[in-house]
Structures are given as structure tokens and as C-alpha cells.
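Asks: So you can see what is in the structure, the chains are spelled out below.
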Amino acid sequence: MTPEPLRPTPPRDSIRTRAHSPRRSAGDRGFLLPPRIHRTSDPGLPPTDLSLLPPSGSLPVVGGGDSYSHPPPLSRLLSPQAQAAAVPASHLQVSPLLHCLVGQHILSVRQFTKEQMSHLFNVAHTLRLMVQKERSLDILKGRVMASMFYEVSTRTSSSFAAAMFRLGGSVVHFAEATSSSQKGESLSDSVQTMSCYADVLVLRHPTPGAVESASRQCRKPVINAGDGVGEHPTQALLDVFTIREELGTVNGMTITMVGDLKHGRTVHSLAKLLTQYRITLRYVAPQNLHMPPEICSYVASKGIKQEEFKSIEEALPDTDVLYMTRIQKERFASEEEYRACFGQFILTPHIMTRAKKKMVVMHPMPRVNEISAEVDTDPRAAYFRQAENGMYIRMALLATVLGR
Amino acid sequence: MTPEPLRPTPPRDSIRTRAHSPRRSAGDRGFLLPPRIHRTSDPGLPPTDLSLLPPSGSLPVVGGGDSYSHPPPLSRLLSPQAQAAAVPASHLQVSPLLHCLVGQHILSVRQFTKEQMSHLFNVAHTLRLMVQKERSLDILKGRVMASMFYEVSTRTSSSFAAAMFRLGGSVVHFAEATSSSQKGESLSDSVQTMSCYADVLVLRHPTPGAVESASRQCRKPVINAGDGVGEHPTQALLDVFTIREELGTVNGMTITMVGDLKHGRTVHSLAKLLTQYRITLRYVAPQNLHMPPEICSYVASKGIKQEEFKSIEEALPDTDVLYMTRIQKERFASEEEYRACFGQFILTPHIMTRAKKKMVVMHPMPRVNEISAEVDTDPRAAYFRQAENGMYIRMALLATVLGR
Amino acid sequence: MTPEPLRPTPPRDSIRTRAHSPRRSAGDRGFLLPPRIHRTSDPGLPPTDLSLLPPSGSLPVVGGGDSYSHPPPLSRLLSPQAQAAAVPASHLQVSPLLHCLVGQHILSVRQFTKEQMSHLFNVAHTLRLMVQKERSLDILKGRVMASMFYEVSTRTSSSFAAAMFRLGGSVVHFAEATSSSQKGESLSDSVQTMSCYADVLVLRHPTPGAVESASRQCRKPVINAGDGVGEHPTQALLDVFTIREELGTVNGMTITMVGDLKHGRTVHSLAKLLTQYRITLRYVAPQNLHMPPEICSYVASKGIKQEEFKSIEEALPDTDVLYMTRIQKERFASEEEYRACFGQFILTPHIMTRAKKKMVVMHPMPRVNEISAEVDTDPRAAYFRQAENGMYIRMALLATVLGR
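Residue numbers (full-length UniProt numbering), protein chains in the order written: chain A, 1 to 404; chain B, 1 to 404; chain C, 1 to 404.
Chain A extracted, bound-state conformation:
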């Protein structure tokens, strides 16, 4: 599978908009140079490498870079002074492997090679350490992100905004409800207008394909934050990133997906993305809500083993990752049918007793009742850490497309 580079439309007017071409400005920032060494003002201090991508020595990439040992804490990479100070953009480098994403639209996970994902995850991991160390970052200082949500999504919009803020940037919200679109403006015009004010656009739309078509007219990078039943690349990336952060690797794992697998966009994208790894997939779904044949055949074509189960209990013993999703009552033929089966698809502390000690419970959230609140205190419950990882993945993507 080769990545499909998606360039913003070439500037209409080279003189006027040259400065807007992220490719060029990326070049300006010497992306083809080796990672720079940062010396703190105090000459007594040793040189400090603040490369976003930790030195390969500290991040041995095994099996195609989908597994790694944790890098040394930043406290050892950074002098106290350097830790106190904010990290300026010029001191952070994007891995050469990610250069081709600079200035690109992020529309689908199909854009990413396995290696690029691995590097993106390393960037996200390093950013996570920095945030948890309470480092303030100036990577995107002065840059503006336009947040355009034509559909409600608290988690996605909040984490994109927090991601931009934590990189030192700022956010302009385009409120569809109170927007020019009321005056009959086209999506394309709204997007082009916001691209006049912002450096990057995050776009969510209920119509599949709407984000890609809108991005065609846009000279600034557009990140797809979900287009209906279409793509939601950052969700799939944060899911795989979470498995990596929780278990150290994705290869060799058995991932069990539970709930409405027929309508769940999240599990469809995730299943496709996971075919890049050596895994086993298990499905637990109510009748008539099975994983669609086209997904199953795609997964099979990649040589991935798939198994179906009637209940969580049966699938649990060998499961490394339990991926829970919502089941909407209205999907069932009758109230009785719902009552009859839905018990098999609710995770309780009792069921957790049969799970592996190191199993990970995930959920795209929001949940309704498919995971009982008592499970939250179980250290294997990773769904809130999963939500947090969404912020780090979005930080990594924003830093990458904006060429920092």
C-alpha cells in the first residue's frame, strides 16, 4: 500500500501566496538538515538534543518500528534550565520520514505507510512525555488553527483545540450554527475563507467525502476530523497508538471488537489499519450487527485471522485488547430482542475477572451503559488514557503538517 500525497492546490498567485506554501517554508526551516543541536545559553551546559524524534539509540525500532522500548525520561535528555524554558520551534525537528506530510491534507489513514505511523507515534509519545512533564511548548507559537465542526463532537473538537494550545498555537472556532452557511455560503467558500485567517484547518462534516472535496480548493492543510460514515483518521491512529503505549507493541496481539460492528465507523477503520500488523481479530456482535462482509474480506485478503463469538466471555481468555463500542437500542428489531441479548455486550467487573492481567479495555467514547462505571477503577481500563492519547496524536499531526 503506497501513501497518496495530497497537496493543497498550488497557489493561484506565486508572489502573493508564496509565503503560504508550507512546502517551501518547510524547506526554509532546513528540514533536510540533520537534527540540530540546541545549546542552552549557559556555555557550561552540555549540548542538548531536543529532536522531537528521540535518538534511535533510545528508541530501537523492531519489527518494522511497531514496537519499541521506552526512551529515557526527558529529565535525562534535558538540562534543568532547558526544562524550565519553553521549547522553541527551531529546536524541534520532524523525522525525515514525515517530511512528505508537511503541508499535506490529512484525509485518510491510507496516506500513511507503516513506517510513517511508527514515527508519528514516536513524536506523539515524546510530546506526551513533555506535556506530562509540564513543559510549555512554543512549537506552533503564532500559528492559528481553524476549527470547523459541522457536526457535534466534543471529544474530537476539544482535543484538537487542547492539542493546538499545548503546542503554543491558538484556535479560531467556526460555528456552523451561527455561520455564513446560513446565508447560503458553500462549504468550499467557508473553508477557503477560514484558510485566509488560519494556517491549518480541522474539518468535521456529516457528509462522506465532503472534507476531501472541500480540501481540494484549500491552499492550507486540512485535517479530516470525521466525515460521516467516511473517514476519521485521527481516531484510528489514536487507537493503534493506545495499543502501542499500553502494551509496547501491536504485533502478536489478539484484538476483540464488541458491539454494533455493522454501523461502527470506528471499528471499520481500525480493523483496516490493524491489517498492517501481525494480529488476530475477534468479533462479538448481536445478530444482524455483524462486521460487514467487505471489511471481513479486506482483512482476510491481508492474511489476518478473524474469529466470531457470541459473547464477551467466550472471546475473552486470549484477548489482549478488548475494544468496546456502543449498541444503539434502536438497531434492534424489538425491545425484547434488545433485552434478550444486550447483556452479553456489557462489560462488568465480574467479566473482567476472566480477562488477562495485562489486557487493555478500550472504547471510542462516549459510552452509555456498555461498560459499567465500576470497571473504571480497574487498571486495565484504558479508555480515558485512550482519550488523552487522542490529544497527543493530534499534537503530532498538527506539528507535522505545519512543518515543525
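Treat the hints with care, as some may be off.
The list cannot tell twin chains apart, which means a pair is met if one copy fits it or any two copies do.
[As the list claims (entries may be wrong)] Straight-line distance between alpha carbons at most 25 Å, and here's what the computed SDA-like set of lysine to any residue pairs gives:
hint, residue 1, residue 2
1, LYS358, GLN276
2, LYS305, GLU336
3, LYS133, LYS272
4, LYS358, ALA333
5, LYS272, GLN306
6, LYS133, GLN217
7, LYS262, GLU307
8, LYS141, HIS173
9, LYS329, GLY184
10, LYS272, GLU307
11, LYS114, GLN287
12, LYS329, SER188
13, LYS141, LEU129
14, LYS133, SER95
15, LYS356, ASP320
16, LYS357, ARG219
17, LYS305, ALA315
18, LYS356, VAL375
19, LYS302, LEU247
20, LYS262, GLY184
21, LYS262, GLU185
In short, the hints are calculated from the structure, not lab data.
Assemble the complex: chain A is given as a structure, and chains B and C must be docked to it using the hints.
Replies: Relative to the frame of chain A, chains B and C by itself:
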């Protein structure tokens, strides 16, 4: 009255979330060390102490620290260079007395000892001077506040946001109307999710107790921005702070509360909080809208003198602080009854002629007609300065719970 | 035409609010001194003048300053080091000619002399170069803008917010829908309250004159973002600025206005403002939607030539600027009448073939169907650059009224 420390729930996973424990990070920042000395780059300049808490020399604390002489202007504390530059977090210290609030939820004024309040007011006072000097602060640079308002409150939400911005931080808004709660997500889940993205949460909810129960699951500090008829700690604090800023002290003052004292949460909390000082309370309320017995008996139990009056005029002569509140027409049995009495509860320039020269007029705002606009130009009208003080109190609280 | 300086109300309380008087703080910042020289930390580097107003040498002001040769690229003005670093406020100066706008309300274009506009345009032009160079600016670091929109206007609110962010400041949004005004608070009270939290207010209101009357009580500068059929100064300024940026000068140009010229506030303000230059105005409007007599007579009184045309084609040959506006269907007596004429007022690639090679197409946006999307790729289509220029004009105004 002993403070009730309210710690966020201990991290589920020590390794993953250790960095999230503000207590520890506070320790990291050497809070137990004496205030650091800041030297500007120019070696010729004298060392400058930018401690958030002005040196006790400049702030002699008398009578339990509820009164003080104004500290010298920052212009004398700071060199021009230092004034030009932003104040980095590392140059600001929180008083040892406030350490126990670092990383804590702020749910009720009952958490604060009189001494802690006094120190909080000193911090707020210093921040006010810095803002009025147009100093830009980096105290909370890189930190994110989640603003979660399940009920409209322009003043509170705007001043919390402005407070965070003026400290160098940023704000993510959780719009209930357009939020996952529509998809049936629980308040607790929404709060835990936002705590994945933010460093501190500001929560407003119509249901009494909702904020406290939501905070129990939250590993980041939660600040109560009002929970229905329950608590609204920052309002009570800014009210007392305003009396202090306007009159220099609270002790010995006669505070007259006017309006609907039966339903006014604000006056209830304020009355309770004021019992920590040596004051006299006067009430002016329409029939059936008197201060509730439980409040009166609580105040009496603290040895505070309380007096009732039928009209503002009668209560005015000895009044140092006139605290006006709204009277909702619908509270009255009949239109006639409303017409009959409400005149007694409206403040006019004419009535002001009978007031002390140094009296202070306060109002939690918004007002409707209980204070005539002509009073605004009277220097004793403090209600807009009171609103501004809300921002400084919120700045002080944010800086404190985030351990700066 | 003499400018009408509009000062915020003098502070009620000199001690408390002195620090709020932008005039004074402007003085503090030595606005009457000659532009300062900025030396980068490296002594080896030559002194760099970062004055917001490029040296007159590089900006020869001809014909009343409404035309100029482009200044040298900042790359020649700035050392690489200086380019990497953010530009601190202290390194930027406002032209003496703009001093009288420091701390002023911006309510109408009538406030501006031709010279002030010219200097404002120079500031906007320099800020545009800085943004396109991806310079991060600290000019308004720590300052807060209140965004109060009582009427929907995506473009105006988004570009004001982006402008504030790009200057290093932050924005507090006052959502009318979810605001105290629901509780019956007056506009004046809401504005005074927000002025307690913010350093500058941007106010949009459907009622003509509402912004000016609200600004009378406000001690912080208020910028009029449109008051119904009243004023919308930043729109008129960005229109003239765009002509200047696109053609290098306004003098001698023939500007053709197309569409509903009777109800279009934008074209009314623009026509008035353009009378300050040596231009020719052409009108193309449907029957009953002609430019109002009072505007025509005002324009005539300034000795400006006006011509009427029935269709775009007829007016096109000598047109340098084609200013398109919307025609609302409902303005027409009947569906037939609409169908009959509206074709004459739609811009297509076919019509563009008859236009000058250097003609500029403008539109206040949003457009519906009056400009076919195929025109967008024509280099003469300037309406998106026009939208972007709105951000630079707003940056220049914010920097000016806040005295940086």
C-alpha cells in the same frame, strides 16, 4: 472552622499519571524553598523579588491579616527591563500557607481558613497591580483550563477565561448544548474526559452537589463555578476581596444586604463567610423574602450582630457596605404587592445623598432596575470594580491550584 | 473633513483606573520618541529597525500617501536570528500620525484623515509581510480582546479573533444567545462588564448607533464591527486597502459597483470613503435598486464622476476594480423580474474575457451565485485575498488602539 482539604482521586496508574499529580509537581517546583531572587539579564540591576506574595514588610498583616497597607507600586519593585519582560512562572512563588491548596478541588469557601483567604487576597491584589501595569504574565504558560458551563453565566465564564488568559494559559470550552451529554454521556464521564485534555476544570451546574460529586472521579483540580442553590465560592471570595480593596479592611464594618434575601444564594454564602470578621449585618428585604432562619442562627452563633430594616433609607446612615441584589417580580404574591414595596429597594442618587462619603455600593450583577444607572458615576459605586475583582480572585485561585 | 477623536469616558476614579487609561500607558511607552533601534543579543549583528512603519526611504509616500513602492522584504530588514525570534512589543512603533488613535473608540471611517488611513495601510502591509513570513508576534501579548457579536458575522468575528491571536493576544467571546442579556441586562451594562475583563472590545449589533452609544460608558476602546445599516468601518478600510495592495494605488482608478446598491451598506460606506481619492465611480444595479440619491449627491459634492450602466459588460472596458455584491431575490417585485434581470449581474469567465488584464474583482462575501466559482482561479479574482486583508487591517487597528 477547619479547612477540608479535597484531594483529586489518587491516580489509578502511578507510572502513567504520576506527572499529573499537581502535589508532586508542586514539590518539584521547590515550593518549600524560600522565595527565589530573580536577576534580570543586566548584571548592573539590583536583584528583584517578584514573589506573588509581596514581602511582609510591604504588607503588614494586622488583625488576622484582614487589613493591610498598600504595597509599594511594582514600579519600585521592578526594574524597567523586568517590567518590559513577561514574568516567567519560575519567578513567582505561592505563599507556604496556600501550598495545601495546590492540586486541590475548590468546592466551597469552607475550605479556606481566614489566613488562607488573607493570603489569597494578597495574591489577587498583586496580580491586579500587575494587570493594571499591563505586565504580561507567563505563570500558566502552556497550561489549559477546561470551561464547562451547564448553565448560563456570562460574568463567571468570561472572567474565568480572561483570568486564565492573563496568566498566560489557554481555555477549552465544553459547550453542553453541543456536547456528548446529548448522546447520553454522564456528567462524570464528561468531566473525566475533559480532565484528559486540561490541567484544571471550571465547572458550573444547575444541580446542588453536582460539582462535588463530579470532582470525586476527577484527577485534575476542579473549581466550582456555582452549583445551583449550592456553593459559588469565587463569588463570595470576590465580594470580601472587594470590601478589602475598597475600604482597606473588613473588620468593624457594617454591611447592609438589600433585596430578595430569601432566595439569594450570593447573600447566604457572603453572610456565612463574613462571620469570620468582626462586622455588623443589616438586612433590608420585602415581606416573605427575609434572610432564612438557618442563616440567621448560624450568623448569630458566631456572635455577629444582625439588624432588620424596612427600607434602604433607615439602614443607610451607619452602613459601610451596601450590598444590593435583584428582586424578581414573580417572587411577589401580586402585582400590587410588588408595586407597593419595590420602591424601597431601588437605589437612586437621591438616596445616595444620605450615605456615608466612603460607603461602598456592591451588586453581584447583572442588575435590572434595582440600581438606577445615574448611580454609576458616583465614585462609591463599586459594582463594576467588583466584577473586575472577580477576575483577579480567579487568577489567584488558578495560579494557586496549579501550583504557581 | 476633520477626524472626530472619540475618547473613552474619563476614568471615574483616577487612582483605581489610572492604569487603564491607554493614553497614559501609551505615553509610558515613549510614543513621542523616535522609533527605537533593536539590537539582537548577538553583538556581531547590525542594529535592526523593526518599526511597524517601514522607513520612509523604503516607503516613499506619493500623492498624499495613497500610493507607494513596496518596501524591501523583511529578510533584508531582519537578521536570521531576529526572524526566528518573536517580535516583542517594545520593538514596534506606531507612526506618530496614528498616536491620536491610541485608546480611542473606532466607530466610523469619518474618524480617519487620508494620511492616517495611509499610515494604517502601511502598518497593515507590514503586518501582512510578517504573517506571511510566519513571524510570531508578541505585540499584544497578555492583552485580551472581548468579542461581542449580537448578530451573526463569521467573517468579521473570525478575522478579528485571528488578528488578535496573530498579535500574541487572546480573545474572550461574549455569546449573546447564552448571555446575561437574557436576564434583562442592558447592552451598556454588558459592555461595561466585559471592559472589566478585556483591554479592547469588538462590538457588532443589529441596531444602528447602538455601538456608539454603548461605547460612551466604556473606559476601554470599542471597535465597531458593524451596527446594522449604520457603520462598518473595518470593512470599508479593508476594501480600500485591498485596492491599494492589488493595484499599488487608488488614485486614477475606475471602480464599478454591481448589485443591490440601494440596500448594500458596504457599497455606501465604500463610496463615501473613496471620495477622498481621485477616482471614477460606476454603478450597475437592477431597477429600483439604484444607489440612493443622498449617497450620489454626497459623492458628487466631492467632485467625483459617477456613471450608471445597465449591465456589467457595458461598464467593464475601463473598469479597474469590479466590486460585486449580492442581490437578494426577495428584493424583486416578482420572480419574473428577478429571472429577467439577474443574469446581467452575475460574473462569469466569459464576461471576464472583456475585462482589463490587471482588473481586480472584489466582493464583501459571502457570495451566493453572483460570481461563478469558475472565476475563482482567475488571478484577477481578489475576493479571498480581500478577506485575508481584513485580518491585516484588524491587526493594524488592534495594535494601534492598544498603543503598540
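Asks: Next step is simple, just say for each hint if it's right about the structure.
Replies: Now the hints, each set against the structure:
1. LYS358 / GLN276: Answer is within: at 23 Å inside a copy they meet the 25 Å cutoff, but 53 Å across does not.
2. LYS305 / GLU336: neither (33 Å within a copy, 66 Å between copies)
3. LYS133 / LYS272: neither (34 Å within a copy, 40 Å between copies)
4. LYS358 / ALA333: neither (37 Å within a copy, 65 Å between copies)
5. LYS272 / GLN306: Within one copy only: 12 Å inside a chain, 65 Å across chains, cut-off 25 Å.
6. LYS133 / GLN217: between (40 Å within a copy, 22 Å between copies)
7. LYS262 / GLU307: Classified as within: same-chain Cα gap 15 Å, cross-chain 65 Å, threshold 25 Å.
8. LYS141 / HIS173: both (18 Å within a copy, 20 Å between copies)
9. LYS329 / GLY184: between (36 Å within a copy, 13 Å between copies)
10. LYS272 / GLU307: Within one copy only: 15 Å inside, 64 Å across.
11. LYS114 / GLN287: neither (34 Å within a copy, 64 Å between copies)
12. LYS329 / SER188: Classified as between: cross-chain Cα gap 22 Å, same-chain 36 Å, threshold 25 Å.
13. LYS141 / LEU129: The answer is both: 19 Å in one copy and 17 Å across copies each meet 25 Å.
14. LYS133 / SER95: For LYS133 and SER95, the Cα distance is within 25 Å both inside one copy (22 Å) and across copies (23 Å).
15. LYS356 / ASP320: Intra 7 Å, inter 68 Å, cutoff 25 Å: intra-copy only.
16. LYS357 / ARG219: Between copies only: 24 Å across chains, 49 Å inside a chain, cut-off 25 Å.
17. LYS305 / ALA315: Within one copy only: 14 Å inside a chain, 71 Å across chains, cut-off 25 Å.
18. LYS356 / VAL375: within (14 Å within a copy, 62 Å between copies)
19. LYS302 / LEU247: within (23 Å within a copy, 58 Å between copies)
20. LYS262 / GLY184: So LYS262 and GLY184 pass the 25 Å test across copies only (21 Å; inside, 35 Å).
21. LYS262 / GLU185: between (35 Å within a copy, 22 Å between copies)
When each numbered hint is compared with the structure, violations occur for hints 2, 3, 4 and 11.
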